[in-house]
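Trainee: Read off the chains here:
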Amino acid sequence: MKIALCVKQVPDTSDIKWTENNTMQRDGVESIINPYDVYALEQALKLKKELNAEITVFTMGPLQAADMLRDTIAVGADKGILISDKKFAGADTYATGKTISAAIKKELPDFDLILCGQFAIDGDTAQTGPCIASLLDIPQLTYVREINDCNDNILTATRVLDDGIETVKVQLPALLCILKSDFEPQRALINGIIKAQNAEIKTVSLDNLGLNPEDAGIKGSPTYVSKAFRPEVKHGGEKFFCLENREGAEILYGKIKEIGVLNG
Amino acid sequence: MGNGILLYAEVTRQSYIHTVFFELANKACELSAKLNNAPVMAVLFTKPGMMEDYKEGFTNSGIDKVFVFEDEKFSKYSTEIYTKLITELVKEIEPDIFLIGATNQGRDLAPRVSSTLKTGLTADCIELDINEKGMLAATRPTFGGQLMATILCKTKPQMATVRPKVFKPAFDINYKNTEFIYRPAENLTDRVELVDFVQGLNDTLNELDSAEIIVAGGKGMKGEEGFKILKELADALGGTVGATRGAVDMGYAPHTIQIGQTGKTVTPKLYIACAISGAIQHTVGITGSEHIFCINNDPNAPIFDVSDTGIVGDVFEVVPKLIEMLKTP
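Just so you know, the sequences run in chain order A and B. Take our numbering: the final residue in the first sequence is number 264, and no numbers are missing along the way. Take our numbering: the final residue in the second sequence is number 593, and no numbers are missing along the way.
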């Protein structure tokens, strides 16, 4: 079984700083692997253990994203493909999906399964996964918490939705978007780290993929940002130091009544 | 040529039209007025025998035309089949704008449709407008809610998914002589099969989305016992319980009720933060709340900076007293 795992390097959104003109300070913000992609990696490692699956990790990003690929190899992934080219810059979800699907088609044409995280914490669009599936014309399962079973090219998975839990079967090849699940994250073992250090990370460019410059990056993106701004902070109100806890409860009770959220 | 605004009328598993559709309808009528009264249309998939129940909803919410796909198969949602039929319809009627609710189903379907149509899609919008050039200006939160981005689309249809509960629904306010157009649905194959569905096990997620009042706890609730007190307060208020990642990691609460960067983003009328310090990873998920109250024994906790009303005190004292007051008629 061959798995293509798509991961994204994202800024740690808990660590964002702002300039005086309310623009985001991008320098010096730590980059991390998107937390949801870690859950996708976990599902891939489970399949590796059970079915001897081979995991090729794809990421699109700057050259320093190679370090993140090495981190995935250190915990058990087999290969890393870095999709990197200045011409990919400014890509929206469609252009990103197009580039990543071209890379998978070229580097792992006989894949059985593509795994992605459900969301990336920076953009939070949840669109790139379905976009890749659509462009490769394979079925997709979104909101997957767990892969239950996989044999004879049929995969069974659990989807967690707002109204309940589905068990679904899908024909492979397919793409799955993985949600958060309960697990203990894998730790890199010393021989994993050594393997990661020595692993060759293949870098592929626009030309390698045979893509047209008009189809990639900002040029290949149907959408563009016309304006970005910080939302107004509307809170930051009164602070009551209450010597008696009863007093605190009374203040809250009064405020709850005041804003009129209680029925009846 | 302006060919109007198309809306996806999501039918829920319980066979009613999702309220987000009526919210979209209201907004679409407003956008239509800025587009020389371009028609507002809907596309709907349903099992047979339901249309009589649905019709009034469309005629009362300003919809000019509804494209109906009716088949036994449509008693359950299918990504592939719906995508195929919708993309064929869109290629034929060429709408300028196509809006879909940002529900589980909508966020599964929309990117599949937009990629097939090779057009742009803006995810999970909280504001829509028409700019001076007549383009759809879709605004959405990004970077965990810390930045808002207004996004335009160069291609047609300009697509967006829209977060439920941000626009008011258009019930009974905009009457139209709606035309219902039945479309054929043939040769439908699907590579995904639904084996089983268990309803409501995951109710808490659903409740956080729709709750008007959320009582949330952090690590300072000290354990599951602490969360029982919060549940009691939530019950007394007619609300539901949420938790921080810290509390979930400690095993005090299930991760299905986790709020914040790696959990849910919530927009209740009232959010009561109990023993929550207010790390940015948590607060990014709550700042869309109408009112935020907090109780914390540390007066320097950052949660006070995002709260309208903050009580410096012991949750284990304040909350039970508050419950008592709420229960006293």
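A couple of the hints might just be wrong.
Only part of the chain A face toward chain B is listed, based on derived beta-carbon distances under 10 Å [unchecked claim]:
(1) Q64
(2) K98
(3) A126
(4) A133
(5) L141
(6) D163
(7) K180
(8) K195
(9) N198
(10) K202
(11) S221
(12) A228
(13) R230
(14) R246
(15) I251
Since the hints were made in silico from the structure, they are not lab data. Glycine included, each C-beta is placed from N, C-alpha and C at the ideal position.
Trainee: Next, verify each hint and record whether it holds.
Mentor: Hint check results:
Among the interface hints, the one on Q64 (chain A) is violated; its C-beta lies about 20 Å from the nearest C-beta in chain B, farther than the 10 Å criterion. A hinted interface residue such as K98 (chain A) counts as satisfied when its beta carbon comes closer than 10 Å to some beta carbon of chain B; here the least separation is about 8 Å, so the hint holds. Interface restraint check: A126 (chain A) against chain B, minimum CB-CB distance 5 Å, threshold 10 Å, status holds. Hint status for A133 (chain A) relative to chain B: holds, with the closest Cβ pair at about 7 Å, below 10 Å.
Because the smallest distance between the Cβ of L141 (chain A) and any Cβ of chain B comes to about 7 Å, under 10 Å, the interface hint for this residue holds. Because the smallest distance between the Cβ of D163 (chain A) and any Cβ of chain B comes to about 6 Å, under 10 Å, the interface hint for this residue holds. Taking 10 Å as the C-beta cut-off, the interface hint given for K180 (chain A) holds, the closest approach to chain B being about 6 Å. At its closest, the beta carbon of K195 (chain A) sits 29 Å from a beta carbon of chain B; the interface hint therefore is violated under the 10 Å criterion.
Contact between N198 (chain A) and chain B, as hinted, is not supported at the beta carbon level, the nearest pair being about 33 Å apart and thus beyond 10 Å. The interface hint given for K202 (chain A) is violated, since its Cβ lies 26 Å from the closest Cβ of chain B, which is over the 10 Å cut-off. Contact between S221 (chain A) and chain B, as hinted, is supported at the beta carbon level, the nearest pair being about 7 Å apart and thus within 10 Å. A distance limit of 10 Å between C-beta atoms decides the matter here; for A228 (chain A) the minimum to chain B is near 5 Å, and the interface restraint holds.
Look at R230 (chain A): its Cβ gets to within about 6 Å of chain B, closer than 10 Å, so that hint holds up. This hint holds: R246 (chain A) has a C-beta 6 Å from the nearest C-beta of chain B, less than the 10 Å allowed. A least Cβ separation of about 6 Å between I251 (chain A) and chain B falls short of the 10 Å threshold, and the interface hint therefore holds.
Of the numbered hints given earlier, the model fails hints 1, 8, 9 and 10; all others are met.
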